[in-house]
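Asks: All chains should be built: construct the whole structure from the sequences, respecting the hints.
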Amino acid sequence: MHQMTLAEIARGLADKKFSSEELTKVLLARITQLDPQLNSFISLTEDLAIEQAKAADARRSNGESGALLGAPIAHKDLFCTQGIRTSCGSKMLDNFKAPYDATVVAKLAAAGAVTLGKTNMDEFAMGSANESSWYGAVKNPWNLEHVPGGSSGGSAAAVAARLLPAATATDTGGSIRQPAAFTNLTGLKPTYGRVSRWGMIAYASSLDQGGPLARTAEDCAILLQGMAGFDQNDSTSIDEPVPDYSASLNDSLQGLRIGVPKEYFSAGLDPRIAELIQNSIQQLQKLGAVIKEISLPNMQHAIPAYYVIAPAEASSNLSRFDGVRFGHRCENPENLIDLYKRSRGEGFGAEVQRRIMVGAYALSAGYYDAYYLKAQKIRRLVKNDFMAAFNEVDIILGPTTPNPAWKLGAKNSDPVAAYLEDVYTITANLAGLPGLSMPAGFVDGLPVGVQLLAPYFHEGRLLNVAHQYQLNTDWHTRTPTGF
1 MHQMTLAEIA RGLADKKFSS EELTKVLLAR ITQLDPQLNS FISLTEDLAI EQAKAADARR
61 SNGESGALLG APIAHKDLFC TQGIRTSCGS KMLDNFKAPY DATVVAKLAA AGAVTLGKTN
121 MDEFAMGSAN ESSWYGAVKN PWNLEHVPGG SSGGSAAAVA ARLLPAATAT DTGGSIRQPA
181 AFTNLTGLKP TYGRVSRWGM IAYASSLDQG GPLARTAEDC AILLQGMAGF DQNDSTSIDE
241 PVPDYSASLN DSLQGLRIGV PKEYFSAGLD PRIAELIQNS IQQLQKLGAV IKEISLPNMQ
301 HAIPAYYVIA PAEASSNLSR FDGVRFGHRC ENPENLIDLY KRSRGEGFGA EVQRRIMVGA
361 YALSAGYYDA YYLKAQKIRR LVKNDFMAAF NEVDIILGPT TPNPAWKLGA KNSDPVAAYL
421 EDVYTITANL AGLPGLSMPA GFVDGLPVGV QLLAPYFHEG RLLNVAHQYQ LNTDWHTRTP
481 TGF
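Quick note on the working numbering: the sequence shown kicks off at 1 and runs consecutively.
Take the hints with a grain of salt, since some may be wrong.
Unchecked claim - Ranges of calculated distance between the beta carbons of each label pair, as one might list FRET restraints:
1. Leu471 x Arg325: 47 to 57 Å
2. Lys407 x Asn332: 34 to 44 Å
3. Lys97 x Gly409: 29 to 39 Å
4. Leu471 x Phe442: 15 to 25 Å
Unchecked claim - Calculated lysine-lysine pairs in the DSS-like style (CA-CA distance at most 30 Å, straight line):
5. Lys374 x Lys411
6. Lys17 x Lys54
7. Lys262 x Lys292
8. Lys91 x Lys374
9. Lys107 x Lys17
10. Lys341 x Lys97
11. Lys54 x Lys91
12. Lys17 x Lys91
13. Lys107 x Lys16
14. Lys54 x Lys97
By construction, these hints were calculated from the structure, which means they are not laboratory data.
Built from N, CA and C at the ideal position, the CB exists for glycine as well.
Replies: Right, here's the structure in full:
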């Protein structure tokens, strides 16, 4: 049962081949047995899962149907879940139980999805390796000595190891797409504003976006359908109709114009990954797509701009964690200043402290114009590059990451080296565009992803291309040894 996709589970439940309760118990037992190797979960919610599974079975017996009704999933541990610890992978929130459900959690629960637990993540979503979590590093099921990517590494590792069929995740600079590439999954970052951020603990408010992680594009379409939609509680949510993402999966790719930026194939790209990307291009050409070389000239400025904007927003968002209202509080503070300093010093890990300091510096009176304002101007140039490109092509294709997953600890002493691994993903966040990563092959036994980018609100186009590609390749069907 653990090998089934979301789509297969939906069909099995509809045909009464098994119940949601039976499936949920099988997966909970599998998580208990195998997750100690991976550390992909922070919290398991067995009682809630069984209760939701029984309720889903009752709804089906009363004639209800739906692709997510009775489907087991997990939530990245920055989506607030009522009465359940929501930690953000941090000691700061280890004792925090949210008093309400995030909109994404509430929407999926209403659709009948069964929550198995909360998945591990880089602390406050700051990281590319899932090594900064206070609960310990997550391991990549394809090689337990390697990272699964971050910050959504717990969701990615759990789905890749077949502990569950799909999970929610978030993407601020590539945190859905990069772990998807590292673990042989399909991951989708929707258009900014497509999925509500209400109840999603913020890292960088103008960049964060929730989305699905699953094994196939078909499953991502199902999960996104349940997540997407306007939310009046979220001022950044966009009131745009949500299409039926599954309806366009089988559209023809004949005549589809795919742009390949020349800047993607620079010296920093592993040549073995470059070869796999070329193979993907050839496969899509066989399906009728037309390939065109394009240019994104301001891509080279994206990383420095991102690592000014994101920490600046983080320094503002994380100022609320001060030991006063909720979260970690130091013992026996001497005065208010001591309370603030020690609570934050004890509660935040090294990477979070580093980014808060960078952000506070960039926003300071003497440096705001030189750093933050200039970074925002670069952000506009990056967006303009994409708008010009999409006048010529329908989607943009390239590598998701410049290298395969690295060994645990390999980049801990050089944070900038880890930052550079985001070179292909962060531009979509700066511009607010939808992006998808899909499996494209292996290098040294480690998965590699190909990234697709589309104009605003064209998630259906990305899912269509990925689904057609997956109908004609088998990379996404490969399972890590031992799982």
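Asks: Need the list of violated hint numbers for this structure, in ascending order.
Replies: 8, 11, 12
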